[in-house]
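2 protein chains.
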Amino acid sequence: MWVYKTSIDWTEGKKGEANCDGKPGLEVATPPEFGGPEDIWTPEDLLTSAVESCIMASSLFFLDRGKVSFRSYKSKAAGHLEKGPIGLVFSRIAVEVTLELEDPSQADAAHKAVVQAEKTCPLSNSLSCPVELSINVR
Amino acid sequence: MWVYKTSIDWTEGKKGEANCDGKPGLEVATPPEFGGPEDIWTPEDLLTSAVESCIMASSLFFLDRGKVSFRSYKSKAAGHLEKGPIGLVFSRIAVEVTLELEDPSQADAAHKAVVQAEKTCPLSNSLSCPVELSINVR
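Protein sequence lines correspond, in order, to chains A and B. Take our numbering: the last position of the first sequence gets the number 138, and nothing is skipped along the way. Take our numbering: the last position of the second sequence gets the number 276, and nothing is skipped along the way.
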């Protein structure tokens, strides 16, 4: 078992500073649509980015294991928040991965690695909503 | 419905830069226990902090609605990752909130506001694992 520890100190208004031992502090706030500022990471942004970065971390593992060489890995993610029977919930998180390969003959292996990454990503597996993955390999 | 958009560019090794339009960039990486560096936010840290910051944002809303005045709001969180039947999953996220009030007679109202915050927090409600809340009011 692994334990991930974080802390938050409220600063003012709808803002606080999030911390994680030995890592840079991060300002967090209520989203603008609920009265917070425009330019600060929100809980909803963090969840979306957490899932997206988990897919990157798992993809790097499976690409390495499959000996797939790549020039670049980029992704875009969109977390959809909707009203449900128990209040606001995420209904889905879409993640689009774009991989530029060194060798086009590895396209199938690259695709397989990213699919496997999403399947085993601990964050995907800890959500009650689906993660919708799309993959572009160049 | 609201949509939260983020992006990630892999940089090198097990690291990437996470972005959210108009907000500061954030370096992210695979956790050290899976071969990543020590000093960079991981997907697991981000999920834990996302839940914790959602409880802060919701608490600020309910404290304001209940006209509860406070001097400080701090929290600590611990996300527990364990092996389950489908692989690694979060088994629980514990969040401990400490509130210092202006007026001790508002202790019950403060407690109630934070309990209500966790219940309506969209992130708590989007997880398949429980969020365990504890509250200290001073």
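Because the hints were derived from the structure by calculation, they are not lab data. Just so it is clear, the structure is predicted and the values come from calculations on it, not from any experiment. Virtual Cβ for every residue (Gly too), placed ideally from N, Cα, C. Worth double-checking, as some hints may not be accurate.
Per the computed footprint, the stretches of chain A lying under chain B, defined by three or more beta-carbons under 8 Å from a beta-carbon of chain B, are [said to hold, decoys possible]:
# : stretch
1 : 1-8
2 : 39-50
3 : 54-65
4 : 125-134
What follows is a list of derived Cβ distance ranges for each label pair [as the list claims (entries may be wrong)]:
#  : chain 1 : residue 1 : chain 2 : residue 2 : range
5  : B       : Lys-205   : A       : Phe-34    : 24 to 30 Å
6  : A       : Lys-67    : B       : Arg-276   : 55 to 61 Å
7  : A       : Lys-67    : B       : Val-141   : 35 to 41 Å
8  : B       : Thr-236   : A       : Glu-102   : 26 to 32 Å
9  : B       : Arg-276   : A       : Phe-34    : 50 to 56 Å
10 : A       : Arg-138   : B       : Lys-250   : 27 to 33 Å
11 : B       : Ala-245   : A       : Val-3     : 45 to 51 Å
Lysine-lysine pairs mimicking DSS-like chemistry, simulated, CA-CA at most 30 Å apart [to be verified]:
#  : chain 1 : residue 1 : chain 2 : residue 2
12 : B       : Lys-214   : B       : Lys-153
13 : B       : Lys-153   : B       : Lys-205
14 : A       : Lys-23    : B       : Lys-161
15 : B       : Lys-257   : A       : Lys-74
16 : B       : Lys-161   : A       : Lys-5
17 : A       : Lys-23    : B       : Lys-212
18 : B       : Lys-153   : A       : Lys-83
Structure-based check of all given hints:
1. 1-8: As far as the stretch 1-8 of chain A goes, the hint holds, because 8 residues have Cβ atoms under 8 Å from chain B.
2. 39-50: Held - the stretch 39-50 of chain A has 12 residues with a Cβ nearer than 8 Å to chain B, which meets the minimum of three.
3. 54-65: holds (count 5)
4. 125-134: This one holds; 5 residues, not fewer than the three required, reach chain B with a Cβ under 8 Å.
5. B/Lys-205 x A/Phe-34: 24 to 30 Å: violated, 19 Å
6. A/Lys-67 x B/Arg-276: 55 to 61 Å: holds, 57 Å
7. A/Lys-67 x B/Val-141: 35 to 41 Å: Taking Cβ atoms as reference, A/Lys-67 and B/Val-141 lie about 36 Å apart, which means the hint holds.
8. B/Thr-236 x A/Glu-102: 26 to 32 Å: violated, 51 Å
9. B/Arg-276 x A/Phe-34: 50 to 56 Å: violated, 27 Å
10. A/Arg-138 x B/Lys-250: 27 to 33 Å: violated, 54 Å
11. B/Ala-245 x A/Val-3: 45 to 51 Å: violated, 30 Å
12. B/Lys-214 x B/Lys-153: At roughly 26 Å apart (the allowed maximum being 30 Å), B/Lys-153 and B/Lys-214 satisfy the hint.
13. B/Lys-153 x B/Lys-205: Violated, because 44 Å separates the two Cα atoms, which is more than 30 Å.
14. A/Lys-23 x B/Lys-161: Between A/Lys-23 and B/Lys-161 the Cα gap is close to 18 Å, so the pair holds against 30 Å.
15. B/Lys-257 x A/Lys-74: violated, 35 Å
16. B/Lys-161 x A/Lys-5: Roughly 24 Å between the alpha carbons, so the hint for B/Lys-161 and A/Lys-5 holds.
17. A/Lys-23 x B/Lys-212: Given that 30 Å is the threshold and the Cα spacing comes to 18 Å, the pair holds.
18. B/Lys-153 x A/Lys-83: violated, 35 Å
Hint compliance for this structure: hints 5, 8, 9, 10, 11, 13, 15, 18 are not met, and every other hint is.
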